[in-house]
Every structure is written in C-alpha cells, then in structure tokens.
Amino acid sequence: MAINPLDSRFNWQVDAPENGWLRRLHIDAPLMTGLLALCGFGLVVLYSAGDHEWIVIERQVIRLGMAFAFMLAIAQIHSRQLKRWSLALYGFGVLMLIAVLIVGDIGKGAQRWLDFGIVRFQPSEILKLAVPMTVAWVLSRQRLPPRWPSLLLAAILTMIPVGLIAKQPDLGTSLLVVSAGITVLFIAGLSWRMITGLAAIAGAVAPVVWMNMHGYQRARVLTFMNPEADPLGTGYHIIQSQIAIGSGGLSGKGWLHGTQSHLEFLPERHTDFIFAVIGEEFGFTGIVALMVIYLFIIGRGLMIAARAQDNYERLLAGGLTLVFFIYLFVNTGMVTGLLPVVGVPLPLISYGGTSMVTLMAGFGMLMSIETHRAKQ
Amino acid sequence: MLESSLEDRQREQRLVRTRALVSGAFVLLGVGAILMRLFHLQLERHDHFTVLSTENRVKIQPVPPNRGLIFDAKGIVLAENHPSFSLAIMIEKVDDLNATIAELRHLIPIEESDLARFERLKRQRMRFQPVPIRQNLTPEEVARFAVDGHRFPGVEVQAELIRTYPQGLLTAHVLGYVGRINEKELARIDKGNYAGTNFIGKSGVELAHEDVLHGKVGHQQVEVNARGRILRTLSSTPPAPGQDLYLYLDIGLQRAATAALGESRGAIVAIDPRSGGVLALVSTPSFDPNLFVEGISQSNYNALLYSPDKPLYNRAIRGQYPPGSTIKPFVGLGGLSLGFITPRKTTYCPGYFSLPGQKHRFRCWRRGGHGTVDLEQSIVESCDVYFYWLANQMGVDKLHGFLAEFGFGERTGVDVSGELPGLLPSRDWKERVRNQPWYPGETLIMGIGQGYFLATPMQLAAATAALANKGRLIQPRLAYARRVPGADTATVFPMMSRQISITNSGDWDITIENMAKVVESQRGTGKRIRSNDYRIAGKTGTSQVFTIGQKERYDATKISELLRDHALFIAFAPVEDPRIAVAVLVENGGSGGATAAPIARRVIDAYLGGTPLPEVPTEVVDGD
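Line by line, the protein sequences are chains V and S. Residue 203 in the UniProt record's numbering sits at position 203 of the first sequence, with consecutive numbering throughout. Residue 431 in the UniProt record's numbering sits at position 431 of the second sequence, with consecutive numbering throughout.
Just to be clear, a hint being listed does not mean it is correct.
As the list claims (entries may be wrong) - Heads up, simulated BS3-like pairs for lysine-lysine below, C-alpha to C-alpha not over 25 angstroms straight-line:
1) S:K470 x S:K527
2) V:K167 x S:K191
3) S:K93 x S:K184
4) S:K398 x S:K470
5) V:K167 x S:K184
6) S:K345 x S:K398
Unchecked claim - Simulated DEER-style distance windows between Cβ atoms:
7) V:V103 x S:R523: 47 to 55 angstroms
8) S:V63 x V:L198: 41 to 49 angstroms
9) S:H82 x V:A202: 50 to 58 angstroms
10) S:I76 x V:A204: 54 to 62 angstroms
11) S:Q61 x V:W85: 47 to 55 angstroms
12) V:L95 x S:L186: 23 to 31 angstroms
These are computed hints drawn from the structure, not numbers from a lab. For each residue, glycine too, the CB sits at the ideal point set by N, CA and C.
Could you put the whole structure together from the sequences, leaning on the hints where they help?
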C-alpha cells in the first residue's frame, strides 16, 4: 500500500527553500509577477482613458490595494478549509440572491430609491467563487470523470444561482457564473460525447431564452447583428470602438494621444470599453503585449491546476483560471465586435471594484493551492 | 475518504492534466481569434479606420424629447414642464469635492438642504453623470457662473425641463410623479431612447403611461474641434416629443370629492359607467408630488412616511378592505341568477343564524332581528341573516365563481401604477395559502363581505359600474386619449370590457331597483341621501376592523378610533341612465349610511350636469 499523500496524518508540507519568504507568505511568485504587470499596465491605460484625472487613478489604486490584500489573506487559507466552506458560502450567496429579488420586488413602490444605496453589495459576486467551489466539491467526492448523479447535482447547483441572477436581470454575470460551473465540469473530464450533447441542448434552448429575454437584452443582440440600426445606443459603442481600435494600427497613436478616446467619441472608455483605448493608443503591438501577460497568468493558473494534489484543488484551480479567460474573451470579443455587448469588464484593467475583488480572491485560492502543496 | 488505489488516482491526475492542456489549447485558440480580429481591424483595415477617425470630428448627441403634458377632462393642465437651470457636478472629474463645493458657495448660494439632496442623489447616480447641487438658478446666477465657471472643472450649468404638478395634493395619488432615473430603472429601460433624459415616471399615471409620455429621443450630428467644443450642428433628427394625455378625470369633481372627505382618512373612486373613465380618484390624506420630482429631503420624506395617517398610501387602489354589506347586491344577484332564490322567497331573521347542528350564532347587526325578510327587504335594511342563509345555500365555490365575474380578487387593470388585487377567498386559495380546509362558517361571513374577503375602492367602483351597466364590466381607465403636441388628431385609448352573463336579464332590474330602495325607502339604510333631482341606487356597508386590524390593537392611545368600523357606500345615478358610479370608503368612519353615503351624494351632486366626455382641442379617432 502506497502512502496516501492526502492522508492528513502525514504532514508533507515543507517550505521550499528556493523561494523561502515568498512561499512562507503563500505568494506564488510567477502569478504575482503576472498580476502586478497586468495591473500596472491597467493603471497606465486608465490614466489616459479616465481623462488624466488623478482621482480616477487614486481610487483604482485603493481598490487594487484592497483586492491584493484580500487575495493574500485568502492565500493563507488551506484548500481543505476552502473545500469545507464551499457549500456554506454557496448557500449564503443563494440566500442573498433571493433576498435581493424579494427586496427588489417590494421596492417597486413609489419610494424605491430612498431605501436604496446605503450599502452597495452584489451577492452575485459571491456566486462567481461559490459556484466553482461547490461544483468542485461535488465532483471531488466521487472518482473522476464524473458520473450521472454528480453531474446532475452539479448542473442543478449551477443553474439555481444562474436563474436567480438572470432574473435580476444581469446577463453578463449569469453568463460568467454558468461558465464557472461548465469549466469545472470540463476540467473534471466531462466526456466529449456529453459536451456535444450539451452543445446541442444549448442550441435547442436558445430560442426559449430569446423568448424570455428582456427587451433591452434582445435589442443588444439585434444591435450586434446590425450596429448602424441604433446609432445612439449599443450600436454606437461598437462602431466607435472599432474605429478607435482600427485607427490604432500597428503601433498606436501613442499614450494620451487617442483622438477617439479623448474627444469622447468612445463611451464607457474607462470601464467596459477600455480595451479599445489600448488598441487605439498602443496599437496591435500593445495588444499583443497585453495578451502575452494574460496568457502568462492563465498558463500559470492551468499549471497550478495540473500540479495540484487532490481533485478539489485541481478542479477549483482549473475552473477559476478558465473563468478568468472567459472574462477576457467575452470582453475583448465584444469590444472588437465579435460578440454581442454584454456588460463584462476587461479583467483587472477596467475601472470599478466589484469584479476586481472577486477575481483577486480567486487568484488568492490559486496561490493557496500552489503554495500549500506538499513537496514531492 | 474515498477508497482509491494509487493507479486510480494517477489516472485521475492524467485526466485533469489532459484537460488542462486541452483548455490551454482552447485559450490559445480564443486569444488567437481575438488577435486575428485585431489584425484585421488594425492592420488590414487600418487606412479605412484612420480616415474615419480623422473625420470623426462629428459627434452624435442625443436630443431628449419633451415629456407629454397631462390634461383633465376639461382641458385643465395637471402636469407640465418648466424650464429650469441647475448647477451640476460630475463627481469623477472633481479632485477635492469638499473644496470645490466650498469654493462654489462663494459664487452661488447653496443651502444646507441643497447639500443634503446632493449627497442623496450622489449615492444613486450613474457613473460619469453630473449630479445637480443647486436647482432653479436665477438668470443672474447663471451669468455669474458663465464668467467664473472655468475655475471649476467638472461643474456645469444644465438646462432642464422640470415637471410640475399645479394641482399639487389633489392629483398626487392619480398622476403619481416623476423623479430622476436610478440605476435599477436604467437596467429596465432602453438606454438609447433615454440618452439625455433625466426624469422617469415613478408611480401613478406617470409610470403607467411612461412610454406614451416619454416620446422618442432624437439626435443631432455636431462638428467638434480638437478640444471637443461644438463648432456647428451638421444635421439633426428631431426627437418625437412625448404625447399629451387627456384624462377622464374631472379636476372639479376631484376637488369636490376631496373636500367631501374632509379630514377623514379614506378613498373615493368615481367612474363613468358608460366609458369606464375614472372621473375622480381620491385618497386622503395626500401629499405634494412636487416635493418628489427633484428628490425629497429626508426630513420631509420621514414626515410623510411616519405620519400615522399614511399620506403616501394610495387607499383608492392599494387599500384592501372587507367590502362589508356593499357586497350584498352582488350576492343577491348571484342567488337570483343561479336559481337559489326568487324575489319572493323569504327567510326568518331572529337576529342570528346558526348552521344545522351547530351552536355558534352568526349575528345580524340588528340584535332583535328583522323578522320575515325577502331579498328586497334584506338589501334595503341590510339584513345579515338573509345573506348568511343565502350564502350557505350557494356554497363557497358558486359564491366565489359569481363574484369573480365582477372582477373581485383581481386587479382591475386601471392605468394607475401600483394597484393591488384585493382577495376573493376560495376553497383552493385557503388550501394553498393557509394550508387549511374551508369551513362552512367562512362561507357565511363571506356572504356579508367579511372574513378573508378584501376589495379595493377601485374594484368596488368598477363592480358598481358593471351593475349600473347591467353586466358590462369595463376596465376602468384614467386616460381617454393621447395626442402628439400640435397634431390634428388625438388617438382614443381602446375600451376593454366583458359581459357578465346571467340567464334572466330581469335580475339586473330587480337588483338595481332594490338598490334604489336603499336610498328611497323609509326603512333604507341610505335614506338620508335621497334626492329630488334624480334617483340614486346605492348600498351601505360597514366593515369590521377587528378581524383584520391586529396590529392596531396595541396602540392604546388610539384604540377606540382605529378599531372603529370602516364606513362604505357604493352608488350610481341616475338609476334610469347611469352616468356616475361611486365607491366611498372612510377608514374608521363608523356607519356606512351615516358617514359614507352623504359623501357619495356630494360627489354625485357635483358631477351630474357635467360634460359627458373629456374635451380635446381636436378631432378624435379610435386607437388600436
């Protein structure tokens, strides 16, 4: 009988001497480097996109500081603990979502806006972490690849919060949460036949989703097909962001010299459409550089997943990393006109705090998984 | 822990590694696709976009439509727009907000209340949207800021049209009000169409007809210089202004009805049975809707919110009360049409009614009893025992089915936002909600409009209008027509109605005649409002608070008043050719005949002799 490294009687946790203090702080050096490079790049772009307003940078730096601190705090927690908390966090998040829906319903009366706005808190953010955690928890209880009962449970646990979020309605976030569940399933080895089947079902369900969409959501999809139809709304975004990106050319117009951005042709240029500012001011070269940083981070994440020592860690690490990629893909896809406009920010670069904290918490989990790894 | 061999675990690890690798391939594929797209945009089509970009001196600006006005039936304006200049700050562009505001105060007076409102609006703002700090700038203040404004980056003067309600308290519960768009509403509306619009309907008619009143945004193409300043307008698509609404509401009648209620808490809904048009919709006490347009101050709001009289509460459409004896004509009609009784059939009222084999006594309001009564007498004198007896024969299912035809238990669909559906109890409802079986005794008290049964004054008025119409139930409406400002024609909103079918149409006449006798008979509970000018058909009602007002019981200081019965009265007139149907409710008003009926009489008096249809300055055509 081989020694089971998962057996807690054997404490295999040894600090690797080669990167001593970083490891003691549970910081994964490559990941940290990638994240710092990305956020640094982001701040440079934001200074330009935010009309050279220091206040915008200050606020973003404060947010980043808090997000990094949060990441480090989470990195100290062993994945055993994370696993234990998965379901509780999930339950808490779902309850909060239900509460939001109920309060939202009551709030339809005349005085809605006065009750509003003391604390701003989005329970859907919790689910971006809780869903991959819970699905990983469910699947890691059985041998991989997952079988029907676990699959069904995982699917149900994913769809409950997705349904609640879609009802809010928040298309972008529900998309991210559903992909969090799916990516974990994929990493867990969901058979290709099943994947094809799921894709077929998704194709069949699409018309039903369309029927249930809100008017403005349909409008977004329609505008995507024909941007000129709505020159003031989302169509305008797409047209202007493509002009910004296209006119950037190979090397860009230079930092702070994007005419599209600075003449205020580009809406939401500091938030969801900041990628267009990068394209305009830094050109194709700048975009490639940015993509290299992103790929480095994603690559490191997948590596952590592959090297992790139990199934929960593997699935969680893989799922979180792939969700990060989906953020990137959906945002850049929509800004470049490949995908319809759904409100997904460019991860860790767009101005704004809600998604940043969640993303960094995810990276905290990755660091925890890597740095708590027993030495082999 | 799962029993697993080393081999198994190695297989799992290999599986995950393979999947991680495949994921990596997908990631590369995805990033590759994005880069291909960028290659296409930035290198292949670079020249094309460069031209577009350098020529992109042309900006598209939204031109918001003016909100439609609202007129009453006589053409008196109830909601209008006043131009106003306000000073606004784009928070994101201001370095030190407090210093900026302090500096601004040297230039333009800013009160503490302005600051409080600013703080509140700031919390609900959309990002990069200017937040108003001072409203109603004088021309002199505007000029002063024009000179010194360059010292304040991020601060600007905005010209806006501010909604005003000249009738103030009189129309608050009908029209509702508009307010600044908040984040939640932003998610619901078409952002393109609301680009440049600051206000949106928050309640009442303003919310129910938001799409008609708002209009469609226009845009203009303007040429800007390198600093973004507008040089000239190149072309423009004018906005389609919001349409004006012409209501059935008669502000004169509304005023008379409000005056008739006086200081009491209560509600009046008056409907023209021929059109379903709402002639008056009153809920007292009321509030000043103008306070809400620019964001009400916390102290004003708290005063309204915590006032024991609940002025924000729209009793006419959200107040759900036991209909009490006003339901009796409907129950009687049900008994007739379903064949349970004939007009001559009698029962004996000893002052109480007991179910066979049970001791519990369901009391009549007259302790000594009415003796032998038929349908006419029991409506005229409002005998409870007769209706216990009848309801017991009909049973809850038939009772529920028949009353549902009059729209009880569902929203009337009146175009005032926020209506509640009341409650028409049924066996199924009780099973579902209370998880209890239906008891026969509950059928009895349902027959006299008590127990779980709840109706809004709006429902009572609509049902009364249906009685007056001999079964034609028309969906009540505030809006008669809409008109594009300046257009030659106005479009009439379609009328929605359904016919309540009963076998013998003579039963309508019997019911109406019985109701007329409530007012005309010497023994009628509504005899004190008898008129010599026209015949009124009515029914008094007194609904017990005790059964529902659990909460009030603990307020020792007000116990006597808040536990008093609600007074109700439904009526229509003239009997031969009904032109107005009214429902009156006075909270804790005591007896329906003494309190509510005279109020209804005053409303009817104020109306009869008025014009039959709203006045619209142009020809009218039917809408879709």
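Evaluated hints:
1. Between the alpha carbons of S:K470 and S:K527 the distance comes to roughly 23 angstroms, so the proposed pair stays at or under 25 angstroms and holds.
2. Simply put, V:K167 and S:K191 have alpha-carbon atoms about 19 angstroms apart, close enough for the 25 angstroms limit, and the pair holds.
3. With a CA separation close to 24 angstroms, the supplied pair S:K93 and S:K184 stays within the 25 angstroms bound.
4. Between the alpha carbons of S:K398 and S:K470 the distance comes to roughly 20 angstroms, so the proposed pair stays at or under 25 angstroms and holds.
5. Our distance criterion of 25 angstroms between C-alpha atoms is met by V:K167 and S:K184, whose separation comes to about 13 angstroms.
6. Between S:K345 and S:K398, the direct Cα distance comes to roughly 19 angstroms. Compliance with the 25 angstroms bound is thereby established for this hinted pair.
7. At about 53 angstroms, the beta-carbon gap between V:V103 and S:R523 stays in the expected band of 47 to 55 angstroms.
8. Our hint of 41 to 49 angstroms for S:V63 and V:L198 holds, since their Cβ atoms are close to 47 angstroms apart.
9. About 53 angstroms separates the C-beta atoms of S:H82 and V:A202, a value consistent with the hinted range of 50 to 58 angstroms.
10. The hint said 54 to 62 angstroms for the Cβ distance between S:I76 and V:A204, and at roughly 57 angstroms that hint holds.
11. Evaluation of the 47 to 55 angstroms hint for S:Q61 and V:W85 yields a pass: the beta carbon distance comes to about 51 angstroms.
12. Between V:L95 and S:L186, the C-beta spacing of about 26 angstroms keeps the proposed range 23 to 31 angstroms intact.
In this structure, every one of the numbered hints holds.
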